[in-house]
Amino acid sequence: MPNRPSLAWMEKYRDAVNSDPEMSVIGDWFTENFKISFEGTDFLISVREGKIVNIEENPRFDRPSAFSLRAPMSVWNKFISPNPPPLYHDFFAMLMRVDEFVLDGNTLATMQNARALHRMMNILKQMEPLDAAA
Amino acid sequence: MQPLSPGHEPITARYINVTSGGVDYRIFYEEAGEGVPLICLHTAGTDSRQFRHVLNDPDVTAKCRVIAFDMPYHGRSNPPENWWLTRYQLTTDVYLNLIHDFWLALGVERPIVMGCSMGGAVTLGVAARYQEEITGIIGLESAAVAGGRDNDFLHHPAIHGGELAASYTYGLNAPSSPEAGCRENWWYYSQGGPGVYKGDVYFYCEDWDAREEIKTIDTNRCKVSLLTGEYDYSATPEMSQAAADAIAGSRLTIMKDIGHFPMIENYERFRPYLLAELDQMV
Numbered sequence: 001m002p003n004r005p006s007l008a009w010m011e012k013y014r015d016a017v018n019s020d021p022e023m024s025v026i027g028d029w030f031t032e033n034f035k036i037s038f039e040g041t042d043f044l045i046s047v048r049e050g051k052i053v054n055i056e057e058n059p060r061f062d063r064p065s066a067f068s069l070r071a072p073m074s075v076w077n078k079f080i081s082p083n084p085p086p087l088y089h090d091f092f093a094m095l096m097r098v099d100e101f102v103l104d105g106n107t108l109a110t111m112q113n114a115r116a117l118h119r120m121m122n123i124l125k126q127m128e129p130l131d132a133a134a
Numbered sequence: 135m136q137p138l139s140p141g142h143e144p145i146t147a148r149y150i151n152v153t154s155g156g157v158d159y160r161i162f163y164e165e166a167g168e169g170v171p172l173i174c175l176h177t178a179g180t181d182s183r184q185f186r187h188v189l190n191d192p193d194v195t196a197k198c199r200v201i202a203f204d205m206p207y208h209g210r211s212n213p214p215e216n217w218w219l220t221r222y223q224l225t226t227d228v229y230l231n232l233i234h235d236f237w238l239a240l241g242v243e244r245p246i247v248m249g250c251s252m253g254g255a256v257t258l259g260v261a262a263r264y265q266e267e268i269t270g271i272i273g274l275e276s277a278a279v280a281g282g283r284d285n286d287f288l289h290h291p292a293i294h295g296g297e298l299a300a301s302y303t304y305g306l307n308a309p310s311s312p313e314a315g316c317r318e319n320w321w322y323y324s325q326g327g328p329g330v331y332k333g334d335v336y337f338y339c340e341d342w343d344a345r346e347e348i349k350t351i352d353t354n355r356c357k358v359s360l361l362t363g364e365y366d367y368s369a370t371p372e373m374s375q376a377a378a379d380a381i382a383g384s385r386l387t388i389m390k391d392i393g394h395f396p397m398i399e400n401y402e403r404f405r406p407y408l409l410a411e412l413d414q415m416v
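Protein chains in written order, with the numbering used here: chain V, 1 to 134; chain S, 135 to 416.
It is possible that some hints are incorrect.
[Claimed, not checked] Here are a few chain S residues that sit away from chain V, every Cβ distance over 10 Å (derived from the structure): (1) ARG186; (2) GLN223; (3) LEU230; (4) ALA239; (5) GLY241; (6) GLY282; (7) HIS290; (8) ILE293; (9) GLU297; (10) LEU298; (11) VAL416.
[Unchecked claim] In the DSSO-like style, the derived pairs of lysine-lysine whose C-alpha atoms are separated by at most 27 Å in a straight line are: (12) S/LYS197 with V/LYS125; (13) V/LYS35 with V/LYS125; (14) V/LYS78 with S/LYS390; (15) V/LYS51 with V/LYS35.
No lab work stands behind these hints, which were simulated from the structure alone. Just so it is clear, the structure is predicted and the values come from calculations on it, not from any experiment. Ideal placement from N, C-alpha and C gives every residue a C-beta, glycine not left out.
Can you build the whole structure from these sequences, using the hints too?
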């Protein structure tokens, strides 16, 4: 059974994003709800002006999100790693080269927020590996 | 990243007017050193500043006259007349002719041509078309055919093109490369003109296909060195390997812990690879 992130793990991620000095500089225009899906375990992340204000695990269908990032845990485990292998070392790398990493939804909104979202994904990459958190 | 020392760097810079394909261009270039001309070609959407460490490296400039120029529309090289009536889309022929006409205008002979990414790709074309006029090529992150980088968001009225191009390319660095080098490259990318990165990607991903032409390269006349970072997901090691396989006598080295921008993301790590190729070429 793959070790998907817990809500507590995601709340640590929220704290890392919200205390990141760079996000304080670049995040002002990033206000969206988006979803990260870890092999079927979904988290709806609500961002307001570059800060995560809410995370909801497995949200109901009436919680809209602008876009979602989906991948199996085998992909996320390579990404969230101190030494990620080539092609799994970056959000845009996976988008281009890893078929199992899927971006859905309003891709315009995604790319409008590319700078801040990319920073948020780099913070995700630096979180405690999910294997170690088991 | 080496700390800056006070005073002038050895780099000097000038403008030269070049006519290529019947079009007049005002080209900015910077140079340092003496010896075999080493012409440096920047990546898509950026400019010659990416080569500042090569230009400042005494072990390179002791044997090479390093010359890095900005392509038209990039850095301090202006677009040509009536640019506002043309959609910028770089093509293989325009690119190759311009590189050739640039070194002819400078009066240099038998240069080594080194380029990265789209510049690395086009070095393969330089070797194929001008192999009797050059010493060799050093292709950084070279592929004979590339794809997958284009999308309409790269030039879109609802998106900050500079921030997108810079962020879109940031992950092409290796994860262990020093942050300062990666961020410096981000800054250069953020300064591209509207649609220029996309216009370069048109060359790189749509117009460029040298898979047949590179088979004509004779490495007895023109040396071919290819250097590719293991973390490059645009021109992957496999893509460079395919190019090397098509060129008998070529050299290919996969650089560990390097991505798509070796000369700027992590020069200290890239430097031994570069010096080794220059040693066997000069």
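Verification of the hints:
1. ARG186: S/ARG186 clear of chain V: closest Cβ-Cβ about 24 Å, beyond 10 Å.
2. GLN223: Given that every Cβ of chain V is farther than 10 Å from that of S/GLN223, nearest at about 21 Å, it holds.
3. LEU230: Correct as stated: the minimum Cβ-Cβ distance to chain V is 27 Å, above 10 Å.
4. ALA239: holds, 37 Å
5. GLY241: holds, 42 Å
6. GLY282: S/GLY282 not clear of chain V: closest Cβ-Cβ about 6 Å, inside 10 Å.
7. HIS290: violated, 8 Å
8. ILE293: Non-interface label on S/ILE293 violated, nearest chain V Cβ at 5 Å vs cutoff 10 Å.
9. GLU297: violated, 5 Å
10. LEU298: violated, 5 Å
11. VAL416: With a cut-off of 10 Å, S/VAL416 remains clear of chain V, as the shortest Cβ separation is near 31 Å.
12. S/LYS197 with V/LYS125: violated, 43 Å
13. V/LYS35 with V/LYS125: holds, 16 Å
14. V/LYS78 with S/LYS390: The hint holds at about 18 Å.
15. V/LYS51 with V/LYS35: holds, 15 Å
Hints 6, 7, 8, 9, 10, 12 from the list above are not met by this structure, while the remaining hints are.
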